[in-house]
Amino acid sequence: MSVTNLELEKIIDTKLNSQAISDYAPNGLQVEGKREIQKIITGVTATLPLIEQAIEKNADAILVHHGYFWKSENPCIRGMKGKRIKQLLTNDINLFGYHLPLDIHPELGNNAQLAKNLGIINLQGLEEKPNSIPMYGEFETPISAEELAQRIQNVLNRKPTLCGDFHSAYPQKLIKTIGICTGGGQGYIDLAASKGLDAFISGEISEQTTHSAREQGIYYFACGHHATERDGIKTLGEWLAREYGLDVEFIDIDNPA
1 MSVTNLELEK IIDTKLNSQA ISDYAPNGLQ VEGKREIQKI ITGVTATLPL IEQAIEKNAD
61 AILVHHGYFW KSENPCIRGM KGKRIKQLLT NDINLFGYHL PLDIHPELGN NAQLAKNLGI
121 INLQGLEEKP NSIPMYGEFE TPISAEELAQ RIQNVLNRKP TLCGDFHSAY PQKLIKTIGI
181 CTGGGQGYID LAASKGLDAF ISGEISEQTT HSAREQGIYY FACGHHATER DGIKTLGEWL
241 AREYGLDVEF IDIDNPA
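The C-terminal residue of the sequence shown carries number 257 in full-length UniProt numbering, and the numbering is unbroken.
Careful: at least some of the hints might be erroneous.
As the list claims (entries may be wrong) - Under the rule of at most 30 angstroms between Cα atoms (straight-line distance), these lysine-lysine pairs were calculated in the DSSO-like manner:
1) Lys10 - Lys34
2) Lys34 - Lys86
3) Lys159 - Lys116
4) Lys129 - Lys71
5) Lys57 - Lys81
6) Lys129 - Lys234
7) Lys86 - Lys234
Keep in mind the hints are simulated off the structure, nothing from the lab. Owing to the predicted nature of the structure, the values given are computational and were not obtained by experimental measurement.
Assemble the whole structure, with the sequences as input and the hints as a guide.
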């Protein structure tokens, strides 16, 4: 089965409700290629290696979480960005990017997928507004920080960095409530602490994140930006294949960050 590039954009926009979400980059069709789409490659970031593999597999489109044209990005199409876009245009490949709409989608999103895989239930927005970026939920049975770290490693194939106050009785504190914001969401740790959560999970860690965890009595797990955002785009591709009969293949370009 095939769809046109504009039909595919409308399908995904509708599923992810992307028009209702303010973002730092355009969501949808970012680089236009051939009209008819049958073969789609999905991946976390629209890197040159991902584009080259898509070319080898005769893909009509690439669908990613991290696309191009960020608000803080130099608008000139030269250097690394120029090489990437040149390959897309030369080979008539469409590039679709979906950022925050894919992070926060309650079914297919990065937060939702990580929560499901870790056994976190009752997921809801942490911010008191629609389309909250960070979310929080709970474990049916409280677990230790060490047990959660091992569970994260098993799920993501990556050992997390764990921060907290490991003095006195604090290491015995169990985790019942937990916040999640995949990728670069470490700045939400203070909001999570103010809500009285036991722990917070994100991808990255900053220098001040450690102090926030130690001084506010909240565990923090840094699990990798890339590692925490693989499942959203993969699941979106699987949904497209299942619902629309498209040929979709996920390619993971390893990234230790």
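Each hint, compared with the structure:
1. Distance restraint check for Lys10 and Lys34: the Cα-Cα separation of roughly 16 angstroms lies within the 30 angstroms cut-off, and the hinted pair is therefore satisfied.
2. For the proposed pair Lys34 and Lys86, the alpha carbon gap of about 15 angstroms is at most 30 angstroms, so the pair holds.
3. For the suggested pair Lys159 and Lys116, the alpha carbons sit about 19 angstroms apart, so the restraint of at most 30 angstroms is met.
4. At roughly 23 angstroms between alpha-carbon atoms, Lys129 and Lys71 fall within 30 angstroms of each other, so this suggested pair holds.
5. Restraint check for Lys57 and Lys81: the C-alpha separation of about 22 angstroms stays at or below 30 angstroms, so the hint holds.
6. At most 30 angstroms may separate the alpha-carbon atoms for a hinted pair to count; Lys129 and Lys234 meet this at roughly 27 angstroms.
7. At roughly 25 angstroms between alpha-carbon atoms, Lys86 and Lys234 fall within 30 angstroms of each other, so this suggested pair holds.
In summary, the structure agrees with every hint in the numbered list given earlier.
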